[in-house]
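As given, the protein sequences belong to chains A and B, one line each in that order. Using our numbering, read the first sequence as starting at 1 and increasing by one per residue. Using our numbering, read the second sequence as starting at 1001 and increasing by one per residue.
Hints were generated in silico from the structure; no laboratory data involved. Ideal placement from N, C-alpha and C gives every residue a C-beta, glycine not left out. Misleading hints may appear alongside valid ones.
As the list claims (entries may be wrong) - Straight-line C-alpha distance at most 30 Å; calculated DSS-like pairs for lysine-lysine:
| id | chain 1 | residue 1 | chain 2 | residue 2 |
| --- | --- | --- | --- | --- |
| 1 | A | 28 | A | 38 |
| 2 | B | 1055 | A | 28 |
| 3 | A | 120 | A | 38 |
| 4 | A | 120 | A | 35 |
| 5 | A | 28 | A | 120 |
| 6 | A | 28 | B | 1050 |
Said to hold, decoys possible - Some chain B residues judged to face chain A by a derived CB distance under 8 Å, without partners named:
| id | residue |
| --- | --- |
| 7 | 1019 |
| 8 | 1223 |
| 9 | 1382 |
What the hints assert, rightly or not - Far from chain B by the CB rule (all over 12 Å, computed), these chain A residues:
| id | residue |
| --- | --- |
| 10 | 32 |
| 11 | 34 |
| 12 | 69 |
| 13 | 77 |
| 14 | 87 |
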Amino acid sequence: MLYAIFCYQDENITGSWTREQDDAVLGKLAVVQQKLSKEGRLGPVARLLPTTTATTLRKDHDPPLVLDGPFAETKEQLLGFYIVNCGSLDEALDIARDLGRANPYGSYEIRPIATFHDGKVSSG
Amino acid sequence: MGKCPVADLTWIDVALTAARPRAVAALLRFFRNLDAAEEAFQEACLRALKTWPEKGPPRDPAAWLIFVGRNTGRDVARRQRKQQPLPAEESISNLEDAEASLAERLDDQHYRYDILRLLFICCHPDLPATQQIALALRIVSGLSVQQIARAFLVNETTLEQRITRAKRTIAEAHVPFEAPGPEERAARLTAVAAMVYLVFNEGYSASDATATARAPLCEEAIRLARLLLRLFPGEPEMMGLTALLVLQHARSAARFDAEGAIVLLEDQDRSTWNGELIAEGLALIDKAMRHRQPGPYQVQAAIAALHARAARAQDTDWAEIELLYATLEQMRPSPVITLNRAVAVSKTRGAQAALEMIEPLAPRLFGYFHFHGLKGALLMQLGRAEEAREAFTQAIALANTTAEAAHIRMHLDRLARDR
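Based on the provided sequences and hints, a complete structural model is requested.
Pasting the structure below:
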């Protein structure tokens, strides 16, 4: 079984870390990741940019509504995600609209990725 | 709630710093007095240092600090009441309203007008710029008087007096406590954005002597800009400001060499630029542009973005940069912006065209270091060594930092060698 692990933390806190504190946390995480990676059990790892860079597409409107900021409703749950390569936010929004036509309910949050490590993992 | 996850107390320090703007802002609404709000926050922090290591961190540190601050602060208020007449009826009933809403868990949105008010108070138009910056760093960011005094090269008593004077000015200014209407909100955001930019520039323009003491100013400004943008996510100029600050800060490691000498943008080692901050800035400017409401911060951020996008100095899109400076000139006519446009012109149309552009600026920029620095550089490119020497000599006399002076000295030395 493949599992996804999502990271939550108060941005006011992570944003108050000094460069050294940030590096220290990443260093400790890297140790755990390297072990998993050697065992062939680590898939993609991504660090997202702050929520200030996020845009939300509300699909339950026609045409879908583009809102600044992260997804903030608590009545809907996180059900999946895509990682797409785009030249601009507009391109990413176009892709999200295409996906939205196939499934016109709920919302997509579009958030740029800060760092991305492709992993190799096999389900089984 | 378990034990504190980090053995040392740095976690608590970070949590207190992170919660500070929200907590002080909410306590200010409650006490309507900066000193009382600060005192209550201090008191709550002391309690946190005692309780959190044992009981573990609360789920929402800011809400905890506000709650405890109000209760401890109330003892202070009670004591003051014995010496002072009772507060006005309306402020008493307002205290009760505030209490009812505080029990539940709070998120950032609950604090948005509190934080905007706190920041707006710090940049009140009655305050000179230096007092605005000192007050914001002390009250909102929580930097110590010692840290701020070091950054401004004044002694602590002087700085303490500056802050006291600033607090007196704003107490007399009576900033209204109601949630602002759309116009007032826009005016406050503009003033606050300017103050955040001022804080950043104080850090960014640090000389080698003050660089270490002023380094936190850039980070504080970025923290405030991101916080404001989270509270007001649909404001393109706040996106522009945040983008501008992170893009400029991304280059900070490359701006000085090991000896503290200035490294010009075109000579910087671009591999030392911070890629994550650049990605954040580019994403924000991209997001802002969709609104089609250009403003000065967005245009400046767009210029910074063009520099950030160039893998090598010679890849810089100077034609586009010149256009953007021309746009900025129309938005905010200023000889300094024209001077910056002239730098772009020197790259696209040559030194002669740039020189003709800046010569009319001489009467207004006569006391400005960068004017004579650029004039000297352009004259040097044109082979007019004697005039270049004159311009550089004037620049040196106007240098703001020893690093600036050293940079001009280097040009003068080269001119002397080539003679």
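Exercise for the section: Any hints from earlier that this structure breaks? Give me their numbers in increasing order, please. Expected result: Violated hints (numbers, rising): 9, 12 and 14; every other hint is consistent with the structure.
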